[in-house]
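Trainee: So you can see what is in the structure, the chains are spelled out below.
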Amino acid sequence: MGDEERENGRRPRLAVWKFASCDGCQLTLLDCEDELLALSGKVEVAFFHEAVTAPDEGMYDLSLVDGSITTPADAERVQHVRAVSRRLVTLGACATAGGIQALRNYADVAEFRAAVYASDAYIDTLATSTPISAHVPVDFELRGCPIDRGQLLEVITAYLAGRTPDTPAHSVCFECKRRGTPCIVVARGIPCLGPVTHAGCGALCPAYGRGCYGCFGPSNSTKFPAFIPLLRRDGMNTLDVVRALRTFNTAAPEFDAASRKEELG
Amino acid sequence: MTVGTAVSTVLDRDGLDALITLLAEDGRTVIGPTVRDQAIVLAEIGSGADLPYGWGVELEAGHYRLRSRADGAAFAHSAGPQSWKTYLHPQRERQWTADLTADGDMEVREETSPPPSYAFIGVRPCDLRAIAIQDRVLGGGPHADTRYAARRRQAFVVAVECTEPGATCFCVSMGTGPAVGPGYDLALTEVVDGRGHRFLARVGSPEGEAVLARLPHVPADEETAGTARRLVEEAAARMGRTMPEVDLRELMRETLDAERWNDVTARCLTCGNCTMACPTCFCTTVEDVTDLTGEHAERWRRWESCFDVDFTHLSSGPVRASPLSRYRQWLTHKVGTWHDQFDSTGCVGCGRCIVWCPVGIDITEEAHALDAERAAASGDGEVER
Ligand code: SF4
Ligand code: SF4
Ligand code: SF4
Ligand code: SF4
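For the protein sequence lines, the chains are B and P, in the order given. Residues in the first sequence are numbered consecutively from 1, following the UniProt record's numbering. Residues in the second sequence are numbered consecutively from 1, following the UniProt record's numbering.
Just so you know, the hints here were simulated from the structure itself, not pulled from any lab data. Quick reminder that beta carbons are idealized off the backbone N, C-alpha and C, glycines included. One or more hints might be untrue.
[What the hints assert, rightly or not] Cut-off 25 Å, straight-line C-alpha distance, at most; resulting in silico cross-link-like pairs (SDA-like, lysine to any residue): (1) Lys223/B with Asp291/P; (2) Lys223/B with Asn262/P; (3) Lys261/B with Ile100/B; (4) Lys223/B with Asn105/B; (5) Lys223/B with Cys283/P; (6) Lys42/B with Leu100/P; (7) Lys261/B with Glu365/P; (8) Lys42/B with Met106/P; (9) Lys18/B with Ala83/B; (10) Lys223/B with Asn237/B; (11) Lys42/B with Ser322/P.
[Claimed, not checked] Pulled a few chain P residues facing chain B out of the computed Cβ check, cut under 8 Å: (12) Glu44; (13) Trp55; (14) Tyr64; (15) Pro81; (16) Thr86; (17) Tyr87; (18) Leu292; (19) His296; (20) Cys306; (21) Leu314; (22) Ser316; (23) Gly317; (24) Val319.
[As the list claims (entries may be wrong)] Here are some chain P residues the structure puts well away from chain B; computed CB gaps all over 12 Å: (25) Ala39; (26) Ala61; (27) Gln82; (28) His143; (29) Met243; (30) Ala266; (31) Asn273; (32) Glu304.
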């Protein structure tokens, strides 16, 4: 909690902002059913379209931002969000890495627009989908598509306690081993993005026999030149590898560079 | 029967089943090998029926497959994805809780929940040594981990000698197997032949003796004892891997700048799987948890690894930022600096790090390569590969 709030004894004001996204990440807040009551006692939810109808006014102590920037209007609005936020935290793959909609970064948006809309006269869109950090300074980025409920609470409680959130940036493999899942790459030859993916989900997919999809984006130590041959060994061709890297975190710099490199061959 | 002598007895499959049931009836959580997720994992077992009778494994670097076995053996599979540290040194454990009192003080309580009383069925000789190594690291010295020590004190250990080493095993090089060393309550050797499926049992502690006395058993006949001995001897000759026969600690010290580290680092994913799978790796970090009220805090400890960049994070950044420095830390710690710290090697030759490395990096191959590079540098081209 900031010194100011502590001194004057008022509850910190929380805002939740939405940009281009499916809303899943901000809805995770409402999914914290058991903690909602305690939470509303500790923070004043001052702006949150999904839950309260109060108008946007004044300064917010903690802003949670969901979604990526895909329109000129949003590029402007995010400046306002930053200006009225003491601390700005991005929620999830869209806000942190541009989301799955960043697939447009590899294509011609004008062409899409012409194909999808009968009349595109009212469509004002940018050629790219970019993370919040490409537009304004961000204080903390929470990974995931969607974010993990426990990690969201960790970010909020850490903020209230004035400490750094504990969201380890090592690979999903750490969590997979801690969970006791026999590695599906080793024991079944199933391709898995775990070795290059940021932890946070608790290694959910491998526990159910599915390779990691990379929902939490790149880990703090990716080694693509060593890793991609492993995907190929387990049956992926170039298109498969590119597709595996181009999902929810396609524009995350490490994933983006690796997929472009594959495409060039 | 005398403790720790050659006096031995024989159990059949029903006898082994009775052992598991009896240990459970005595209030112990019985952990043993069982088949799950296409692997032989360690888990709580309720009876002999949960053991992987008829299952073996095919192992190679970065490769593990279950294979059915015609002989129906229960313990003819080598080290699986987990080790006993899963239970003795759990991946996440609470250390203390703290609450704000009415007068604004902080009341801190150390974790006092009673440690579980385990019985481990099927501890391999290499893993028995790994437990002894963790005893030295965690249970000894001025900063002994009392909760580890309590779990360890209460654990009843049924070791099983190795008669079927895996292609990635090298316990002979490390002096840890395939015959069982000290530290067990009961030791079994599985024998399956024309005379049936049975387990030669030896006693290693008064508690083991008391438990064995309550089971249906017969004195060991010479033939069973002889076959058991022969099977273990033969296993020693069938090791899939070796370490170079040199002073490994010295090898690590003298090759810190070797070119080979670049070679292995180019292949390493820095994923951390090797350290997590290793039965002796003990590293942890702490996580401090607060709740929304701000009046309750907890400290938890969880497994951590030297492959994590944040493992050495200081205010100036990570000490081991490069993947090379992290891979080198792992290998030099295991077989080199562990000696300086704990008076023994940190590797027992179980082969887990080789099998469970997704890209199949093999520490024995790396050690041989470092040895060869050192020999080449000193002008002695003749090296045993
Ligand atoms: S299954 Fe995937 S996440 Fe789990 S250890 Fe293997 S590679 Fe890593
Ligand atoms: S270093 Fe590898 S072989 Fe040695 S004890 Fe650890 S996991 Fe087993
Ligand atoms: S090898 Fe790494 S993780 Fe294992 S005990 Fe040594 S420093 Fe810790
Ligand atoms: S040696 Fe293998 S298991 Fe260990 S960090 Fe490197 S790639 Fe992962």
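Trainee: A separate judgement is required for each hint: does it hold in the structure or not?
Mentor: To see whether the hints hold, each was checked on the structure:
Taking the CA atoms of Lys223/B and Asp291/P, the gap is about 36 Å. The hint is violated against a cut of 25 Å. Our distance criterion of 25 Å between C-alpha atoms is met by Lys223/B and Asn262/P, whose separation comes to about 14 Å. Between Lys261/B and Ile100/B the CA atoms are separated by roughly 19 Å; this keeps the pair inside 25 Å, and the hint holds. Straight-line distance between C-alpha atoms of Lys223/B and Asn105/B comes to about 24 Å, which keeps the hinted pair within the 25 Å bound.
At most 25 Å may separate the alpha-carbon atoms for a hinted pair to count; Lys223/B and Cys283/P meet this at roughly 23 Å. With a C-alpha separation of about 16 Å, the suggested pair Lys42/B and Leu100/P falls inside the 25 Å cut-off, and the hint holds. With a C-alpha separation of about 31 Å, the suggested pairing of Lys261/B with Glu365/P is violated against the 25 Å cut-off. A threshold of 25 Å between alpha carbons decides the hint, and for Lys42/B with Met106/P the separation of about 20 Å falls inside it, so the pair holds.
Between Lys18/B and Ala83/B the alpha-carbon distance is near 16 Å, which keeps this suggested pair within the 25 Å criterion. Taking the CA atoms of Lys223/B and Asn237/B, the gap is about 19 Å. The hint holds against a cut of 25 Å. A threshold of 25 Å between alpha carbons decides the hint, and for Lys42/B with Ser322/P the separation of about 42 Å lies outside it, so the pair is violated. Interface hint at Glu44/P: violated, since its Cβ lies 12 Å from the closest Cβ of chain B, which is beyond the 8 Å cut-off.
Look at Trp55/P: its Cβ only gets to about 13 Å from chain B, farther than 8 Å, so that hint breaks. Taken as an interface hint, Tyr64/P checks out: its beta carbon lies about 5 Å from the nearest beta carbon of chain B, inside 8 Å. Because the smallest distance between the Cβ of Pro81/P and any Cβ of chain B comes to about 4 Å, under 8 Å, the interface hint for this residue holds. The interface hint given for Thr86/P holds, since its Cβ lies 6 Å from the closest Cβ of chain B, which is under the 8 Å cut-off.
Violation of the interface hint for Tyr87/P is found here, the shortest Cβ-Cβ separation to chain B being roughly 11 Å, above the 8 Å cut-off. With 8 Å as the threshold, the beta carbon of Leu292/P comes within range of chain B, its nearest partner Cβ sitting at about 4 Å, so the hint holds. Interface restraint check: His296/P against chain B, minimum CB-CB distance 10 Å, threshold 8 Å, status violated. This hint is violated: Cys306/P has a C-beta 11 Å from the nearest C-beta of chain B, more than the 8 Å allowed.
For Leu314/P, the suggested interface contact is broken, since its CB lies about 14 Å from the closest CB of chain B, more than 8 Å. Hint status for Ser316/P relative to chain B: violated, with the closest Cβ pair at about 17 Å, above 8 Å. Interface hint status for Gly317/P: violated, as the beta-carbon distance to the closest one in chain B is roughly 12 Å, over 8 Å. For Val319/P, the interface hint is violated, the least distance from its beta-carbon to any beta-carbon of chain B being 14 Å, above 8 Å.
Not every C-beta of chain B lies more than 12 Å from that of Ala39/P, the closest at about 4 Å, which undercuts listing it as non-interface. Not every CB of chain B lies more than 12 Å from the CB of Ala61/P, the least distance being 10 Å, so the non-interface label is violated. With a least beta-carbon separation of about 6 Å from chain B, Gln82/P fails to lie farther than 12 Å from that chain, contradicting its non-interface assignment. A cut-off of 12 Å between C-beta atoms confirms that His143/P is not in contact with chain B; the least separation is 23 Å.
Residue placement check: Met243/P keeps its beta carbon more than 12 Å from all beta carbons of chain B (closest about 22 Å). Non-interface status of Ala266/P relative to chain B is broken: a Cβ of that chain comes within 12 Å, the nearest being about 7 Å off. With 12 Å as the threshold on Cβ separation, the claim that Asn273/P sits away from chain B is violated: the shortest Cβ distance comes to roughly 5 Å. For Glu304/P, the shortest C-beta to C-beta distance to chain B comes to about 8 Å, within the 12 Å cut-off, and the non-interface label is violated.
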